[in-house]
Every structure is written in structure tokens, then in C-alpha cells.
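2 protein chains.
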Amino acid sequence: MTQEIERKFLVDPSDLPEDLREADAKRIVQGYVALEEAGTEVRLRHKGARYFLTVKSGGGLTREEGEIEIDREQFDTLWPFTLRRRVEKIRHALPWGDELIELDVYEGALEGLATAEIEFPSEEASRRFEPPSWFGEEQTTNPRFKNKHLAIHGLPHQNNPEK
Amino acid sequence: MTQEIERKFLVDPSDLPEDLREADAKRIVQGYVALEEAGTEVRLRHKGARYFLTVKSGGGLTREEGEIEIDREQFDTLWPFTLRRRVEKIRHALPWGDELIELDVYEGALEGLATAEIEFPSEEASRRFEPPSWFGEEQTTNPRFKNKHLAIHGLPHQNNPEK
Chain A
1 MTQEIERKFL VDPSDLPEDL READAKRIVQ GYVALEEAGT EVRLRHKGAR YFLTVKSGGG
61 LTREEGEIEI DREQFDTLWP FTLRRRVEKI RHALPWGDEL IELDVYEGAL EGLATAEIEF
121 PSEEASRRFE PPSWFGEEQT TNPRFKNKHL AIHGLPHQNN PEK
Chain B
1001 MTQEIERKFL VDPSDLPEDL READAKRIVQ GYVALEEAGT EVRLRHKGAR YFLTVKSGGG
1061 LTREEGEIEI DREQFDTLWP FTLRRRVEKI RHALPWGDEL IELDVYEGAL EGLATAEIEF
1121 PSEEASRRFE PPSWFGEEQT TNPRFKNKHL AIHGLPHQNN PEK
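Here the protein sequences line up with chains A and B, keeping their order.
If you read the first sequence in this note's numbering, its first letter stands for residue 1, the second for the next number, and so on.
If you read the second sequence in this note's numbering, its first letter stands for residue 1001, the second for the next number, and so on.
Worth flagging that the hints you see were computed from the coordinates, not collected in a lab.
A few of these clues could be false.
[Stated by the list, open to error] One side only, chain B facing chain A, incomplete, derived with CB under 8 Å:
id: 1; residue: VAL1029
id: 2; residue: ALA1034
id: 3; residue: PRO1080
Glycine included, each C-beta is placed from N, C-alpha and C at the ideal position.
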């Protein structure tokens, strides 16, 4: 069980940084096997040629996380349970000073959405971080931009950000 | 994803059948990583020398189930997420005609409870089944005797079977 300290920002997908083409990019398909009201989620993820099962509990800036790598056959056994709770995206890994920006460009029903996430070694480091100019509004504590919310409800309404 | 058709009965732990000593018996320690209101559960189980992660959805007589075998290290990574949602029991496997009775004798906080479960190939076979004389009250559709309920809430009140 490790602690995860992250911040998340919206990004305009038509205004991405130029060096993105050189960044490492992997296709991610993920789905949720279980989503508790209280906050525990169990996620399956197919990233590049690898397969993972991840459990996260808690919410907000700091969460507990446990992840195991599984094989294709194990993934295929559990994947049917994620029906109607799936997300597809391209993840670009961009080194940024001491940190790594994970820029997710969504596909399918979520096309038009892009977000940037940065994971920090401490809450202090997360507060020190100065977002690059191409970052948009911060959404770290907005539940509607969590992948589990996007997987179930789709894109938040553009004209009514409360929905 | 396979379908599971089961019936479950209470058993008096002081009045078990005599041939139980010859039955295959394994210690099971299990815990729940996630329990959705809607019915999906993600369970970790350590049975004998093996480790499993199981997803079940739906409820009642027929449920969907998917199970993968994992190794000790993977189990240890996810086990902390089952805190306060665990069950320990000895499972005896008793051949009974064409069926197999799984007799669970609970330990720890659930000591004094014993249940018998039988899995059937069809709903028709489940209706044909005649319980042996040492079976007690049927609890197939009683949510309070599900292991996930027992793991969280403990033994149902003896004097008030509604709680």
C-alpha cells in the first residue's frame, strides 16, 4: 500500500506543447470492476503491452494505492465486469523539471478532453509546483474529472460545470 | 465470467456428520477489497497454499463470477485493503450423491457459526436437491449470511433474526 500525492489540470487538446511528439506515448484502456460509494475503486488497466489491477482507497490529494501486474489471461477473465465503466486514452509522459507530467488525451466518448497529472513525493512538493503556461484550470479535488466518474457519466457538461 | 448457482443452509456445529474427519479440509482466510451497494464484490482468498482474487456480481441464487489465481506477493500487496472486512473458516469438502457439500466452520469473531453450501449445474438441479437431515434452516436468499455481510457486521443476532 503506497500513498499517492497528485495534482490534476485541464489542458486544451488543440494547444498542446510542441515537444509532445518526442514524448513516450502509450495507449491505455481501463475499466472499473468495482466502485464503492465510500471511495474504494478496483481498476483494470491495459497499458501498452502490460496489464494491471489497481486498488485505490480514499480521495482528494492523497490516496492509498496498491497495484499488481497480471497477465493477459487474468485480465481477460476479469474485464467483462468493467462493462459500461471504461475509459480509453493516450498517455504522454513528459519530463518537467524534477517531475513527470502525464498528459492524457481521451478517445471515444470522451474525445475533446485532455488532462495533465503530476505525482509528487510529498505534499510540500505538490504545493511548490508551478504549472506550465499551457495548463488550464486545476481539477485535483473535482470528483467529476476522476476517471471513474468519466467512465460512468462521460464528459462534464460544458455549459454547466456543476453537472 | 461464469454463472454460479448455489444453495446455502445453516448447520449446527455441535452436530456435524461423523464422516467429516475423512473429508478434505482447508483453512480459508478471505477479505473484501471492495463491496458495492449494487452487489459487485472483489474478494481475496488464501485457501490452503493458494491465493485467489474473485469478482462476483449480482445476488441471490444465480451470480456471475470471475476468478484468477494470484501469487503470494500479489496477495500481500492487496491484502491491506481488506482491513475490517475479513473472515476465517475451515472448509470441509463432502461428496454427497452427484453434488459436493462445502461445509464451512467459522473461526475468530464468527465462532459458533457453520454453513453448508452446494453448487449446482442448473437451477433445476438446485430445486431437485434434498437436504440431508443434519442441515438446518436454508439461508440462500438471506443477505445477512453472505460472507461479505458476516465480514462487516459479524454474526446475525440470535434473539432477533432480523438484525
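Against the structure, the hints come out as follows:
1. Hint on VAL1029/B is violated. Least Cβ distance to chain A is approximately 18 Å, over the 8 Å limit.
2. Taking 8 Å as the C-beta cut-off, the interface hint given for ALA1034/B holds, the closest approach to chain A being about 4 Å.
3. Interface restraint check for PRO1080/B: the shortest CB-CB distance to chain A comes to about 4 Å, inside 8 Å, so the restraint holds.
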